[in-house]
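Using the sequences plus the hints, can you model the full thing?
In order, the protein sequences belong to chains L and C. Following my numbering, the numbering of the first sequence begins with 1 at its first residue and continues without gaps. Following my numbering, the numbering of the second sequence begins with 1 at its first residue and continues without gaps.
One or more of the hints may lead you astray.
One-sided excerpt, in silico: chain C residues whose CB lies under 10 angstroms from chain L [said to hold, decoys possible]:
| no. | residue |
| --- | --- |
| 1 | G31 |
| 2 | K32 |
| 3 | G41 |
| 4 | G46 |
| 5 | I60 |
| 6 | F62 |
| 7 | P68 |
| 8 | K77 |
| 9 | L115 |
| 10 | H145 |
| 11 | S147 |
| 12 | A151 |
| 13 | L153 |
These are computed hints drawn from the structure, not numbers from a lab. C-beta atoms are modelled at their ideal positions from N, C-alpha and C, and glycine is treated no differently.
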Amino acid sequence: MGKIVLMQGNEACVEGAIAAGMRFYAGYPITPSTEIAERSALRLPQVGGKFIQMEDEIGSIACAIGASVAGVKAMTATSGPGFSLKQENLGYACLAEIPLVVVDVQRQGPSTGMATSPSQGDVMMARWGTHGDHPMITLSPSSVKECYDLVIRAFNLSEKYRTPVIFLMDEIVGHLREGMEITPEDEIEIVNRPTVLYPDPKRKPYQMKKGQLVPKMAPFGKGQRYNITGLIHDESGFPTNSNAEAEKLLHRLMHKISDNYEDIVQTEEVGMEDAEVAIFCYGGTMRAAMSAMEEARAKGIKCGIFRPVTIWPFPEKELRKAAGKLKKIIVAEHNYGQLLLEVQRVAGSMCEIEFVGKYNGSVITPEEILEKAVNSK
Amino acid sequence: MSRMEIRLAGSGGQGVILASVILAEAAVIAGKYTAQSQSYGPEARGGACKAETLISDAPIGFTKVRHPDFLMALTQKSLDKYGKDVPERCLVLMDDSLTAIPELDPEKTVRYPILKTAAEKVGRIQTANVVAVGCINSLLHLADHESIRKAVLMHVPAGTEEINLKALEAGIELVNKAEHA
Numbered sequence: 001m002g003k004i005v006l007m008q009g010n011e012a013c014v015e016g017a018i019a020a021g022m023r024f025y026a027g028y029p030i031t032p033s034t035e036i037a038e039r040s041a042l043r044l045p046q047v048g049g050k051f052i053q054m055e056d057e058i059g060s061i062a063c064a065i066g067a068s069v070a071g072v073k074a075m076t077a078t079s080g081p082g083f084s085l086k087q088e089n090l091g092y093a094c095l096a097e098i099p100l101v102v103v104d105v106q107r108q109g110p111s112t113g114m115a116t117s118p119s120q121g122d123v124m125m126a127r128w129g130t131h132g133d134h135p136m137i138t139l140s141p142s143s144v145k146e147c148y149d150l151v152i153r154a155f156n157l158s159e160k161y162r163t164p165v166i167f168l169m170d171e172i173v174g175h176l177r178e179g180m181e182i183t184p185e186d187e188i189e190i191v192n193r194p195t196v197l198y199p200d201p202k203r204k205p206y207q208m209k210k211g212q213l214v215p216k217m218a219p220f221g222k223g224q225r226y227n228i229t230g231l232i233h234d235e236s237g238f239p240t241n242s243n244a245e246a247e248k249l250l251h252r253l254m255h256k257i258s259d260n261y262e263d264i265v266q267t268e269e270v271g272m273e274d275a276e277v278a279i280f281c282y283g284g285t286m287r288a289a290m291s292a293m294e295e296a297r298a299k300g301i302k303c304g305i306f307r308p309v310t311i312w313p314f315p316e317k318e319l320r321k322a323a324g325k326l327k328k329i330i331v332a333e334h335n336y337g338q339l340l341l342e343v344q345r346v347a348g349s350m351c352e353i354e355f356v357g358k359y360n361g362s363v364i365t366p367e368e369i370l371e372k373a374v375n376s377k
Numbered sequence: 001m002s003r004m005e006i007r008l009a010g011s012g013g014q015g016v017i018l019a020s021v022i023l024a025e026a027a028v029i030a031g032k033y034t035a036q037s038q039s040y041g042p043e044a045r046g047g048a049c050k051a052e053t054l055i056s057d058a059p060i061g062f063t064k065v066r067h068p069d070f071l072m073a074l075t076q077k078s079l080d081k082y083g084k085d086v087p088e089r090c091l092v093l094m095d096d097s098l099t100a101i102p103e104l105d106p107e108k109t110v111r112y113p114i115l116k117t118a119a120e121k122v123g124r125i126q127t128a129n130v131v132a133v134g135c136i137n138s139l140l141h142l143a144d145h146e147s148i149r150k151a152v153l154m155h156v157p158a159g160t161e162e163i164n165l166k167a168l169e170a171g172i173e174l175v176n177k178a179e180h181a
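Written out as structure tokens, the structure is:
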């Protein structure tokens with residue numbers, strides 16, 4: 001077993017990112033994500049990386065995109081108000097296929113809301129915040145240890161699929177300190193984007209051979225010259241108004257994620273073998289669910305937990321399979337009912353669905369979940 | 001001890017979060033599971049501040065205090081707020097400059113001059129949180145002497161090690177002296 005260290009969720013996110021190969025961070029500090037910027041500022045110079053505090057949220061994501069284009073694994077972090085501002089460039093990274101990890105440590109909103117209070121109100125924004133149809137991968141950790149391990153996966157998926165990945169934290173895990181075992185280096189899997197290092201005048205920058213998942217990427221300054229744009233482009237990287245090219249590109253972007261659902265989607269099921277009631281939760285809410293489940297079981301209620309680790313794409317296959325054996329799903333989330341809509345869509349016709357939502361800046365307690373579980377007997 | 005829920009409350013700037021982090025560190029050194037969190041307002045100084053440390057022999061689900069085993073209050077406001085509905089078994093540590101509230105069980109309440117000791121004996125009011133750590137560890141026996149010293153040194157700012165160790169010892173002495181009196 002590795003050494004156990006006391007670490008905060010935000011700090012673990014930075015350490016995991018560095019283990020994944022992050023060597024560039026651009027950010028604009030915002031509560032409750034500030035410790036991510038602070039630790040990146042401290043740690044990146046120690047590993048030969050660069051940290052820059054930018055003039056604002058928009059500049060921060062633009063800067064991280066630029067670093068990634070140059071071939072460096074890059075991250076930026078923010079909270080709700082900043083996440084709103086980053087949406088335009090997030091779409092740019094989706095369309096231009098630029099690997100990037102964007103961390104959102106959610107706080108109560110809307111607008112500047114309550115800066116130091118927890119929320120999970122950005123779940124739908126993570127999926128649909130930027131305009132236009134676009135692919136999106138979003139992962140959500142529920143412990144300090146998972147902040148470390150899962151951000152590595154966020155980088156790997158981002159590199160593999162050449163797409164931005166949202167690492168959706170919340171104030172509960174971001175500001176939580178726990179003892180955590182540092183994952184030994186030789187147990188960490190690292191994925192790097194496919195690259196082209198030698199210029200080939202005949203190669204088009206977005207061209208793909210059969211069987212290739214994404215176009216190989218030429219790091220700016222090292223390989224060929226090419227154009228990157230947020231306009232619909234063809235294989236040459238230059239803009240086009242061709243409807244056929246637009247359809248082809250959009251289709252490819254959406255399918256590179258949906259065709260690889262099995263590779264991307266992860267869920268955690270606890271006590272689901274014999275469960276009649278399941279708590280559906282994610283992120284920091286998992287912790288209240290764990291205690292609620294334990295207390296429900298002590299009362300003789302067959303209670304389990306279904307947790308999407310990957311939130312987007314939504315794990316509908318796994319949820320549908322689980323729901324077939326359930327009498328009731330209790331959706332617990334810190335918002336007015338966002339993933340509740342997805343659960344209703346997928347499982348609404350299969351079992352009863354109840355909702356425990358908090359949006360006032362306080363934390364859902366095990367008792368509040370337990371009450372819904374008890375009343376189902 | 002299978003599970004201990006510790007709540008520290010005071011005013012922003014008094015260092016109650018750092019005190020609760022040091023207790024969590026001591027728990028990690030002692031090989032326990034721990035979860036430490038805090039709640040505070042947007043202001044850096046003066047607002048109400050609450051910090052919580054859970055220590056357990058088993059993995060921790062819910063990370064917030066539900067049934068405190070221990071409460072420390074360094075301001076009257078925080079004592080009034082959190083002292084009024086503590087469970088019967090909860091031990092309450094209050095700074096002796098505060099006025100006890102009727103809801104507190106005198107048998108389960110201890111008062112020590114934490115703020116005064118930091119200001120006068122240690123010579124720096126900013127060390128009140130580490131004086132408090134010394135008191136708390138002596139009251140709850142969370143970690144041995146060496147471990148709690150180590151935990152303090154891991155978290156105080158560089159250059160303040162000596163004065164903080166002095167504060168820790170002063171806090172320990174407050175309890176020891178009282179217990180032997």
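Hint check:
no.	hint	verdict
1	G31	holds, 8 angstroms
2	K32	holds, 8 angstroms
3	G41	holds, 6 angstroms
4	G46	violated, 14 angstroms
5	I60	holds, 8 angstroms
6	F62	holds, 4 angstroms
7	P68	violated, 14 angstroms
8	K77	violated, 18 angstroms
9	L115	violated, 25 angstroms
10	H145	violated, 19 angstroms
11	S147	violated, 13 angstroms
12	A151	holds, 9 angstroms
13	L153	violated, 14 angstroms
Of the numbered hints stated above, those contradicted by the structure are hints 4, 7, 8, 9, 10, 11 and 13, listed in ascending order.
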